[in-house]
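Visitor: The numbering of the sequence shown is my numbering, which starts it at 3 and goes up by one.
The hints are simulated quantities; they were obtained by calculation from the structure and are not laboratory data. Each residue gets a CB set at the ideal place from its N, CA and C atoms; glycine is no exception. Heads up, some of the hints might be wrong.
Stated by the list, open to error - Estimated spans, in silico, between C-beta atoms of each pair: (1) R18 with S111: 23 to 31 Å; (2) D63 with L163: 16 to 24 Å; (3) E201 with Y172: 36 to 44 Å; (4) D137 with E59: 40 to 48 Å; (5) S111 with E138: 37 to 45 Å; (6) E42 with P20: 40 to 48 Å.
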Amino acid sequence: MTSCLIVIPTRLKATRLPNKPLADIGGEPMIVHVWRRAVEADCGPVVVATDAQQVCEAISDAGGEAVMTRSDHASGTDRIFEAVSKRDPGAKIETVVNLQGDLPTLEPSMVTACLRARAEGGADIGTIAAEIVRDEERTDPNVVKAVGTPLQDDPTVLRALYFTRATAPYGEGPLYHHIGIYAYSRAALERFVSLPPSELEVRERLEQLRALEAGMLIHVGLVDTVPLGVDTPPDLERAREFFRSRK
(Lines of atoms letter the chains of each structure in order from A; the text may use other names.)
(Lines give C-alpha, C1' and ligand atoms only; values in the text may rest on other atoms or scores of the structure.)
Protein backbone atom coordinates (compact mmCIF):
# COMPACT_ATOMS: atom_id res chain seq x y z
CA MET A 3 0.00 0.00 0.00
CA THR A 4 2.18 2.82 -1.26
CA SER A 5 -0.50 5.39 -0.40
CA CYS A 6 -0.54 4.43 3.29
CA LEU A 7 1.60 6.01 6.00
CA ILE A 8 1.80 4.58 9.53
CA VAL A 9 2.51 7.22 12.17
CA ILE A 10 3.33 6.44 15.80
CA PRO A 11 2.82 9.49 18.07
CA THR A 12 4.83 9.49 21.27
CA ARG A 13 5.97 11.81 24.03
CA LEU A 14 7.99 11.40 27.19
CA LYS A 15 5.68 13.15 29.64
CA ALA A 16 3.57 10.21 30.81
CA THR A 17 2.42 10.67 34.40
CA ARG A 18 2.07 7.02 35.44
CA LEU A 19 5.24 5.81 33.70
CA PRO A 20 7.76 8.63 33.06
CA ASN A 21 9.91 8.28 29.93
CA LYS A 22 7.68 5.40 28.87
CA PRO A 23 8.74 5.27 25.17
CA LEU A 24 12.36 4.72 26.22
CA ALA A 25 11.60 2.02 28.81
CA ASP A 26 13.91 -0.94 28.25
CA ILE A 27 12.27 -4.15 27.05
CA GLY A 28 14.69 -6.93 26.17
CA GLY A 29 17.53 -4.53 25.53
CA GLU A 30 15.64 -2.07 23.31
CA PRO A 31 13.39 0.95 24.00
CA MET A 32 9.68 0.19 23.90
CA ILE A 33 9.12 2.62 21.02
CA VAL A 34 11.56 0.61 18.90
CA HIS A 35 9.55 -2.57 19.51
CA VAL A 36 6.37 -0.78 18.38
CA TRP A 37 8.17 0.60 15.33
CA ARG A 38 9.35 -2.91 14.42
CA ARG A 39 5.81 -4.31 14.67
CA ALA A 40 4.56 -1.54 12.39
CA VAL A 41 7.29 -2.22 9.84
CA GLU A 42 6.44 -5.94 9.92
CA ALA A 43 2.85 -5.08 8.96
CA ASP A 44 4.28 -4.14 5.53
CA CYS A 45 1.50 -1.66 4.79
CA GLY A 46 3.61 1.39 4.00
CA PRO A 47 6.30 3.66 5.42
CA VAL A 48 6.46 4.03 9.22
CA VAL A 49 7.22 7.32 10.96
CA VAL A 50 7.50 8.09 14.68
CA ALA A 51 6.12 11.54 15.54
CA THR A 52 7.63 12.94 18.73
CA ASP A 53 8.66 16.09 20.57
CA ALA A 54 11.67 14.38 22.20
CA GLN A 55 15.14 14.27 20.69
CA GLN A 56 15.92 11.09 22.67
CA VAL A 57 13.09 9.27 20.89
CA CYS A 58 14.31 10.49 17.50
CA GLU A 59 17.77 9.16 18.29
CA ALA A 60 16.44 5.78 19.44
CA ILE A 61 14.47 5.32 16.23
CA SER A 62 17.32 6.56 14.07
CA ASP A 63 19.73 4.13 15.76
CA ALA A 64 17.32 1.30 14.92
CA GLY A 65 17.23 2.36 11.27
CA GLY A 66 13.85 4.08 11.36
CA GLU A 67 12.46 7.51 10.59
CA ALA A 68 11.23 10.06 13.14
CA VAL A 69 9.69 13.51 12.71
CA MET A 70 10.03 16.19 15.36
CA THR A 71 6.74 17.88 16.27
CA ARG A 72 5.60 20.63 18.62
CA SER A 73 5.34 19.87 22.33
CA ASP A 74 1.99 21.58 22.89
CA HIS A 75 -0.35 19.24 21.01
CA ALA A 76 -3.60 18.43 22.79
CA SER A 77 -3.71 14.87 21.45
CA GLY A 78 -1.76 12.26 19.55
CA THR A 79 -3.99 12.82 16.54
CA ASP A 80 -2.95 16.47 16.37
CA ARG A 81 0.69 15.37 16.56
CA ILE A 82 0.11 12.89 13.74
CA PHE A 83 -1.42 15.56 11.53
CA GLU A 84 1.61 17.80 11.98
CA ALA A 85 3.94 14.92 11.15
CA VAL A 86 1.94 13.93 8.06
CA SER A 87 1.88 17.54 6.86
CA LYS A 88 5.68 17.71 7.17
CA ARG A 89 6.32 14.24 5.75
CA ASP A 90 3.87 14.54 2.84
CA PRO A 91 3.30 18.23 2.01
CA GLY A 92 2.03 17.31 -1.45
CA ALA A 93 -0.82 15.25 0.08
CA LYS A 94 0.00 12.11 -1.94
CA ILE A 95 -0.68 9.82 1.03
CA GLU A 96 -4.31 8.67 0.97
CA THR A 97 -4.52 6.73 4.24
CA VAL A 98 -2.90 7.49 7.61
CA VAL A 99 -2.68 4.90 10.40
CA ASN A 100 -2.50 6.20 13.97
CA LEU A 101 -0.64 3.51 15.92
CA GLN A 102 -0.17 3.97 19.66
CA GLY A 103 3.41 3.96 20.87
CA ASP A 104 2.71 1.83 23.96
CA LEU A 105 1.71 -1.44 22.25
CA PRO A 106 4.98 -3.42 22.07
CA THR A 107 3.18 -6.78 21.75
CA LEU A 108 1.03 -5.65 18.83
CA GLU A 109 0.45 -8.27 16.16
CA PRO A 110 1.28 -6.72 12.76
CA SER A 111 -1.91 -8.26 11.33
CA MET A 112 -3.91 -5.81 13.45
CA VAL A 113 -2.70 -2.94 11.29
CA THR A 114 -3.95 -4.80 8.24
CA ALA A 115 -7.30 -5.45 9.94
CA CYS A 116 -7.65 -1.76 10.72
CA LEU A 117 -6.99 -0.80 7.09
CA ARG A 118 -9.40 -3.43 5.82
CA ALA A 119 -12.13 -2.14 8.12
CA ARG A 120 -11.74 1.37 6.69
CA ALA A 121 -11.77 0.07 3.13
CA GLU A 122 -15.03 -1.83 3.67
CA GLY A 123 -17.76 0.46 2.40
CA GLY A 124 -15.44 3.44 2.14
CA ALA A 125 -15.53 4.45 5.80
CA ASP A 126 -13.87 7.67 6.95
CA ILE A 127 -12.06 5.84 9.75
CA GLY A 128 -11.23 2.22 10.45
CA THR A 129 -10.39 0.77 13.86
CA ILE A 130 -10.45 -2.64 15.58
CA ALA A 131 -11.93 -4.42 18.60
CA ALA A 132 -11.87 -7.87 20.21
CA GLU A 133 -14.64 -9.70 22.05
CA ILE A 134 -14.37 -9.38 25.82
CA VAL A 135 -13.81 -12.78 27.43
CA ARG A 136 -13.01 -11.77 31.03
CA ASP A 137 -16.10 -10.90 33.10
CA GLU A 138 -14.36 -8.14 35.07
CA GLU A 139 -13.62 -6.24 31.87
CA ARG A 140 -17.32 -5.91 31.07
CA THR A 141 -17.73 -3.37 33.87
CA ASP A 142 -14.22 -1.87 33.88
CA PRO A 143 -14.35 1.80 32.75
CA ASN A 144 -10.73 1.53 31.60
CA VAL A 145 -11.85 -1.00 28.99
CA VAL A 146 -13.52 1.01 26.24
CA LYS A 147 -16.42 -0.77 24.56
CA ALA A 148 -17.17 -0.49 20.85
CA VAL A 149 -20.89 -0.70 20.08
CA GLY A 150 -21.86 -1.37 16.49
CA THR A 151 -23.90 -3.33 14.02
CA PRO A 152 -22.38 -5.89 11.62
CA LEU A 153 -22.06 -4.94 7.99
CA GLN A 154 -24.43 -6.90 5.78
CA ASP A 155 -21.67 -7.98 3.41
CA ASP A 156 -19.08 -8.72 6.11
CA PRO A 157 -20.16 -9.61 9.68
CA THR A 158 -16.53 -9.39 10.87
CA VAL A 159 -16.74 -5.61 10.48
CA LEU A 160 -19.08 -3.41 12.53
CA ARG A 161 -20.48 -0.01 11.68
CA ALA A 162 -19.71 1.91 14.84
CA LEU A 163 -22.69 3.38 16.66
CA TYR A 164 -20.96 4.43 19.87
CA PHE A 165 -17.88 4.01 22.07
CA THR A 166 -18.23 4.06 25.83
CA ARG A 167 -16.57 3.29 29.14
CA ALA A 168 -19.89 1.94 30.42
CA THR A 169 -21.12 -1.64 30.02
CA ALA A 170 -22.86 -1.56 26.66
CA PRO A 171 -24.94 -2.68 24.99
CA TYR A 172 -27.32 -3.98 27.65
CA GLY A 173 -28.57 -7.58 27.60
CA GLU A 174 -27.26 -10.91 26.42
CA GLY A 175 -24.58 -11.03 23.77
CA PRO A 176 -20.95 -10.15 23.20
CA LEU A 177 -19.23 -6.95 24.27
CA TYR A 178 -16.24 -5.65 22.33
CA HIS A 179 -13.02 -4.22 23.74
CA HIS A 180 -11.97 -1.31 21.54
CA ILE A 181 -8.29 -1.22 20.55
CA GLY A 182 -7.07 2.31 19.89
CA ILE A 183 -5.57 1.94 16.42
CA TYR A 184 -7.08 4.08 13.67
CA ALA A 185 -6.83 4.25 9.90
CA TYR A 186 -7.98 7.64 8.56
CA SER A 187 -8.54 8.75 5.04
CA ARG A 188 -6.39 11.83 4.52
CA ALA A 189 -9.51 13.99 4.21
CA ALA A 190 -11.04 12.54 7.37
CA LEU A 191 -7.87 13.20 9.37
CA GLU A 192 -7.75 16.80 8.19
CA ARG A 193 -11.42 17.31 9.01
CA PHE A 194 -11.11 15.62 12.41
CA VAL A 195 -8.30 17.86 13.68
CA SER A 196 -10.20 20.94 12.50
CA LEU A 197 -13.18 20.12 14.73
CA PRO A 198 -13.43 21.28 18.35
CA PRO A 199 -13.77 18.63 21.09
CA SER A 200 -17.37 17.42 21.18
CA GLU A 201 -19.70 17.15 24.15
CA LEU A 202 -19.69 13.35 24.37
CA GLU A 203 -15.95 13.22 23.70
CA VAL A 204 -15.32 15.38 26.74
CA ARG A 205 -17.83 13.52 28.88
CA GLU A 206 -16.54 10.01 28.07
CA ARG A 207 -12.92 11.12 27.53
CA LEU A 208 -12.93 9.31 24.18
CA GLU A 209 -11.59 11.23 21.22
CA GLN A 210 -13.25 9.02 18.59
CA LEU A 211 -16.69 10.26 19.67
CA ARG A 212 -15.82 13.60 18.06
CA ALA A 213 -15.87 11.85 14.69
CA LEU A 214 -19.19 10.09 15.34
CA GLU A 215 -20.85 13.28 16.59
CA ALA A 216 -19.70 15.01 13.41
CA GLY A 217 -21.38 12.33 11.28
CA MET A 218 -18.19 10.56 10.20
CA LEU A 219 -18.42 6.85 9.39
CA ILE A 220 -16.27 4.53 11.51
CA HIS A 221 -15.93 0.82 10.78
CA VAL A 222 -14.61 -1.60 13.41
CA GLY A 223 -12.79 -4.75 12.36
CA LEU A 224 -13.06 -7.67 14.77
CA VAL A 225 -9.79 -9.36 15.81
CA ASP A 226 -9.01 -12.24 18.15
CA THR A 227 -6.85 -10.67 20.87
CA VAL A 228 -6.07 -7.39 22.62
CA PRO A 229 -2.41 -6.31 22.62
CA LEU A 230 -0.84 -5.38 25.95
CA GLY A 231 -0.90 -1.64 26.48
CA VAL A 232 1.90 -0.37 28.73
CA ASP A 233 0.67 2.37 31.07
CA THR A 234 2.04 1.35 34.48
CA PRO A 235 5.14 -0.36 35.96
CA PRO A 236 3.26 -3.71 36.25
CA ASP A 237 2.29 -3.43 32.56
CA LEU A 238 5.93 -2.87 31.71
CA GLU A 239 7.00 -5.96 33.63
CA ARG A 240 4.36 -8.04 31.80
CA ALA A 241 5.73 -6.78 28.48
CA ARG A 242 9.26 -7.70 29.53
CA GLU A 243 8.09 -11.18 30.51
CA PHE A 244 6.34 -11.53 27.15
CA PHE A 245 9.59 -10.91 25.28
CA ARG A 246 11.61 -13.10 27.65
CA SER A 247 9.22 -15.96 26.97
CA ARG A 248 9.79 -15.65 23.21
CA LYS A 249 13.54 -16.31 23.49
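Visitor: So, against the hints stated earlier in the document, which numbers end up violated here?
Guide: 2, 3, 5, 6
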